[in-house]
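K.L.:
These protein sequences, in sequence, are chains A and B. Okay, so the first sequence: first residue is 1 according to my numbering, each after it adds one. Okay, so the second sequence: first residue is 1 according to my numbering, each after it adds one.
In short, the hints are calculated from the structure, not lab data. Warning: the hint list may mix true and false statements.
Unchecked claim - In the BS3-like style, the derived pairs of lysine-lysine whose C-alpha atoms are separated by at most 27 Å in a straight line are:
#1 B:K1038 <-> B:K925
#2 A:K5 <-> B:K778
#3 B:K763 <-> A:K5
#4 A:K78 <-> B:K328
#5 A:K84 <-> B:K785
#6 B:K759 <-> A:K84
#7 A:K84 <-> B:K925
#8 A:K363 <-> B:K330
#9 A:K307 <-> B:K261
#10 B:K427 <-> B:K914
#11 A:K78 <-> B:K330
What the hints assert, rightly or not - Examples of chain B residues lying across from chain A (beta carbon under 8 Å, computed):
#12 F175
#13 M177
#14 I181
#15 P257
#16 M291
#17 R318
#18 P324
#19 A337
#20 G339
#21 R340
#22 R787
#23 L819
#24 I826
#25 P827
Where a beta carbon is used, it is the ideal one built from N, C-alpha and C, also for glycine.
This is what each chain is made of:
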Amino acid sequence: MINTKIVDIELMEKLAELTSRAADYCYQCGTCTGSCPLNLLNPESINPRRIVRSAQLGLVYDDGNLWHCSTCGLCEAKCPWSIKIPDVVRAYRQISSEKRKIPQKFEEILWMVYEDGTAFPGSSMERAAWTEGLNIRDASKQKVQVLLYVGCAVSFDKRLQKVAASLAKVLSTAGVDFGVLGRQERCCGDVVYNIGEDAFLEELASQNIERFNKTGAEAIITISPHSAHMFKKVYPRYGLKIPAYHYVEFLNDLIEKGKIRMSKPLDHEVTVHDPCYLGRYLKLYEEPRKILSSIPGTKIIEMNDIKENAICCGSGGGRHFLDIHGERLSHYRVAQAAQTGAKTLVAPCPFCIQNFEDSVKTKKLGLYVRDVVELVDQSLNGEVR
Amino acid sequence: MSDEVLVIGGGIAGIQCSLDLANAGVKVVLVEKTPTIGGKMAILDKNFPTLDCSICIEAPKMSEVGKHPNIELLTLAEVVSVEKNGEDYLVEIYQKPRYVTSECSRCGLCVDACPVLLKNEFDYGMAARKAIYTPIPQSEPGAYVIDIENCLNKPPNYLPCDRCIQVCGPKCIDFFMKPKIIKKKVKAIIVAAGFEVFDATGIPDYSYGLHPDILSSMEYERLLQSTGPSGGEIIKPSNGHHPENILFVLCVGSRDPRYNKYCSRFCCMYTIKQAVQTVEHGIKNVDILYMDIRAYGKGFDGFYKRAKDEGVRFIKGRAARVIPYENKLKVRYENIAEGRIEEREYDMVVLAAAAEPPAGLVELAKTLGIELDEDGFIKTRPWRGKMIATTREGIFVCGSASGPKDIADSVTEAGAAASAALEYVKKKTWPKREFEETIPAEGEHRVGVFICHCGSNIAGVADVKWLAQESAKIPGVVHSEDLRFACAGVYTKYIEQVIREKNINRLVVAACSPRTHLPVFMDAAIRAGLNPYLVELTNIRNLDTWVHANYPKEATEKALDMIRMSVAKAKLLKPLYVVKLPVTRRALVIGGGVAGMAAAASLARQGFETYLVEKENQLGGLVRHLDVIAPEGIRADELLNEMEREVYSSGVKVILGAKVESVGGYIGNFVVNLSSGEKLEVGAIIMATGAKVYHPEGALQANGGNIITSLDLEQIFKNNGNLDGRNVVFISCVGSRYDSKGCSRFCCQVMIKQAIRLKELGKNVFVLYKDIRTYSRKAEELYEKARALGVRFVKYDSERKPEEVVRIENGTVYVKDELLGEEIGIPADLVVLNVGLVPNDEINPIIEQLKLSRDEAGFLLELHPKLGPVESMVGGVFLAGTSQNPKDVREAISQGLAAAAKAAALLAKDTIDKEPLIPRINYDKCTYCQRCTQVCTFSALRGELKKSLEIISALCQGCGNCSAECMVGAIEAPGFTDEQIITQIDAALEDRPNEKAIVFTCNWCSYAGADQAGIEKLQYPPSSRVIRTMCSARISQKFILRAFEKGAAVVAVTGCWPQDCHYNYANLNTERRVKQVKKILEARGINPERLILHWNSAAESKRWAAKMREIDELIKKIPKEEIVQTVQKLGGGKK
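All chains, full assembly: derive it from the sequences and hints.
P.N.:
Right under this line is the structure:
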């Protein structure tokens, strides 16, 4: 039979091993497919159930849509058995990577990371450009207590650099002893991880860990939830011992300890987006809300689909780098935000901010998109928007 | 004093269990939390797969409980302490006051007076009730109840409101009633606490509670119910409009580890039933979202197919979200067959919510000192080979309290629990009521007529004083009087006194329904010394004043007609006596498998001489071939050893290596000849004759090598045999689920158990299946375990046989995986064909001799699929185990025990009582034509053409079908004789016959439907005159012709829907006869449209009222001349 797929017991076992047997419990109810946000845009997008099915039976899965998954994890959150479907996707990507069957764009990104240490266009020479005039210490040169890991997108994007600047100001105000790696900083490897290029990831992670260790820092904080996820959940496999935090955890702690006092009321209504890697991956749902609530005059109006139900902005899992045309998930999400009537959409993730600002412009919505720390900064320093 | 048994919970399981015990001579204390027994079954509309009206078939059992002299019913009561004292349990029961005494006549005036409006919990809050109310029309006990928490008189208030007291005629409202602690000493306790419905607000994605058109299945069931909040109309609660498309979502809160891991077992079937009903209501787009369709029971797969044929769309998938969107509901899911997400709009979404342990079960278990399982249901353990014992000696469980079960399985377990409890009871009681007949029935007719006011229910519409005056003028009436509440204690005593003083020998009461109140007046007669069968009760309330409230004059005239009809009939009544039939108090169990062993041992333990005949040389049956029993995980040999020990130690007379050669006789008196030469005389027979394992033939068959059956594999396990090869593929449903072959029930769980075993031996295991049907307790968990271990499940086309879709070639099994949507090849070193059961054809001669029936698939046919699963169509013969249908070990044992309980009730006394409805044959008239023997659906009449005819009283059920069939009037149906019916026709048509319709009803459905129309006060014109018989099959052609001859404008013959017929489809004869009379009418030039055949269930009150209106319209259209002509054509004018 031409179209008959033959069950490959070895492949079945390999997939089971790569996914810690994630697919075993699945009884193929299809809740994952029904919940997948990409299917909101186009019902033909992706069928997570069939990906899991293929893994159960040890079948090859090399459909192009494997690369469209944003690994947002909503399928996993909705699955009755909490099956780690994104892990199955990554396992199949890894198998494809081993055969060098990956989209051309990813091939290019991998080379960029390999050669320049960055997933975004830019040179490592420019990584610290944003710190100019901010009086931020270079952790590669002097010992700091806290290492602020900035990440590729924030380092090179003018808009996102503002987030880093806000965070730096807030940390300084709170008297935190912190610094950045500057030119020494390299890509965290989130994209490498999601492409499934495991051997390279190991090398990259080991080098990064070495750099972190040299700083003597006692903690690492990140701006991107993706980096936080890498350092918290993936790097320990490769030997990272320094505790890592997303900055909202750190900031919330400072606020609770009374190290930061915001006094200038902002008098505005905000709505909060839960970035996938901050929320579903790291379960940090309350921290952004607590921080925002402690800003005088700030009222949170929740939109539909929040916390574990949040709809992805469409960027995770390497999807950010692919040129996917048509309706975008971020359009869907900003529309939900606009419905609340809030003036500001808060999204503590660089990818989300980029996407949402694009969508707000495209859809001509009167929404500001801000990271949490930008609002904290405003309240501390009284900047007028 | 006898030994008592406590039953906790008055749902169908508790009811059946109490009746089984009480009928076997045990005093039962039945404790129910709510104000009425009936449980969930009482609030369902119809049952699957028979579409029986649920309350219609349950209500007779409820009232039987209420009347049973061996049952003490305590409602509004809870068990508060249990203490072991020697062989007894000392029990304390706390009973809340009802505030209404049993004198309540259910007139309903208090309800109208009560100012407090509340949500009706029996309608799941979709309708209102008052603070004084009756939960459902058929409530048992019947007295109303006051919800004191919401009453204005809630203590410590001192009577700020006395509206109900003011209007109550019998003065039965008593706010000074106090809670009671009742102490009992019992030998055994049975827990039948039932289940509760999962609250779907727990699943935010389904938006339950956020939109009124998202309903739970129970709420939807109430919408379907004609006495429910929407009067049986399917409407959207949001706006009252009819929906155009409805989605049913399965597994809501079941099979989902976030809520309940287990399968709730009955949701698939009730959902299919609801979908079929929905289609029948004219709603075209009816969809069901399912994961597996678990149509495991007898006739279930056939019903599933019927639903598909009727246009219900089954979509494999699970709802991801239900989103209220303007007036619609958007539902998103993956259509798995298509492999793509779909988003559809529905007007209504029904969630098949899980069955969960009932509230308070934790406390009850604590009080009883029994354990619960991890899901919160009552934990069971094997005890004397029975699987229904709790963790404490002498306490048993039945029904859904030990895990969700459908009605039939609950009823079976109820019998099983009764049987287990019976083993503890030594002393039996038969409360006797001696009375002396001092008033002779013969001689001059002295009729007493009493007309009830029923408060204003009757007197508010009809002129009762005038009725009393007019009644006095009827010849033969010596006393006529109106009474305020005839049924109330003081008045029945008064009636008794009048009977005695005036020597009244026929009693006529014009009041309410004989279905509920006739026993009250029969009792009064008995106390007065009058034969109780000389009493007539005519229903001038439900059939007259309640339904013609706007026509007081016509209603009064109709009432007088009804009284005249009753007096006429009463004069022809003869004294009758309960028939006593002798019983040989011994039992025979045929078949020594687990079902037979369980039945025999339990009967022997109860003290009955019991024979167990087994054709093999050892006991054990099919289980003898098994290794481990799924899903319990008990070793088969250990269970058999225990059961065998129990059989011998209980004193069963085991006869091995013998077959039944021939069997004759009837209930109470069977004669059985064995191949061993022995001759047994027994009163009851239990058919535990088992089934055979299907032997696959054709394209997929075992070859003794790399293709084996599941039974072969079991043998290999049992013998610790060798299993080579790495990859094993199971193919399920080999020989099951096609044509008339249903699901074999147990195979999925057995296969999964085997798959787990193989996986643990290091094999790669693949299972090819149609639907995974792990519905049994802990079976879904077995399925989960198999998946966790890496067993792979591959779904093939469930509409086709496996041999059509599976190919085995060169060590590879090819099949289209419906989940992937593509054909796959699976490397296989060993293929296991999972085989089910087929009927045992060796017992054909016994079946023929006993006149048992078989179902479509060839298994033995039960009396009723829901309420009579262990009784056969033949009295005294009971069914146990796989002879009736494939089932698993636990189910087979339970059925064996339940059959034992039924046999125990039969054998408990030297004689059995029967209502005096058995026909009498007039041999002077009989031509021995055998027409009657051919129509009797119970084989109670036997004879030879032109030679003989005899009636076997034991088998007769008293429907009167034979009497109607007799051409020469040689069969008299007591209580419903030709003369008695004809005299009613004549009396009804004495005056202005051309304005009237004679409406014949059966006792069980159409009369009950008319009763219900009254309860609901549905108004219709007063042109009908009802004549009640037990079954519509009693209606002879001559009655119909007589009515036309006497000038009736219209004649209607009404009865149960054939599937609801209480006499085994006897009413198909009704249909035939009516058609025949229509032909006769046509031949004589009489418009046959004037004769109407109408089926009406007990719940279809609206249907009844609509029919009566239609008949009235018809009457008005018939010209007077036409009626005159009809009378002439039929020769009626000559006289």
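K.L.:
Taking the hints in turn, state whether each one holds.
P.N.:
Going down the list of hints, with the structure as the test:
no.	hint	in the structure
1	B:K1038 <-> B:K925	holds, 17 Å
2	A:K5 <-> B:K778	violated, 34 Å
3	B:K763 <-> A:K5	holds, 21 Å
4	A:K78 <-> B:K328	holds, 23 Å
5	A:K84 <-> B:K785	holds, 18 Å
6	B:K759 <-> A:K84	holds, 23 Å
7	A:K84 <-> B:K925	violated, 84 Å
8	A:K363 <-> B:K330	holds, 25 Å
9	A:K307 <-> B:K261	holds, 25 Å
10	B:K427 <-> B:K914	holds, 24 Å
11	A:K78 <-> B:K330	holds, 18 Å
12	F175	violated, 50 Å
13	M177	violated, 50 Å
14	I181	violated, 46 Å
15	P257	holds, 6 Å
16	M291	holds, 5 Å
17	R318	holds, 4 Å
18	P324	violated, 12 Å
19	A337	violated, 10 Å
20	G339	holds, 6 Å
21	R340	holds, 5 Å
22	R787	holds, 5 Å
23	L819	holds, 5 Å
24	I826	holds, 5 Å
25	P827	holds, 6 Å
The structure shown violates the earlier hints numbered 2, 7, 12, 13, 14, 18 and 19.
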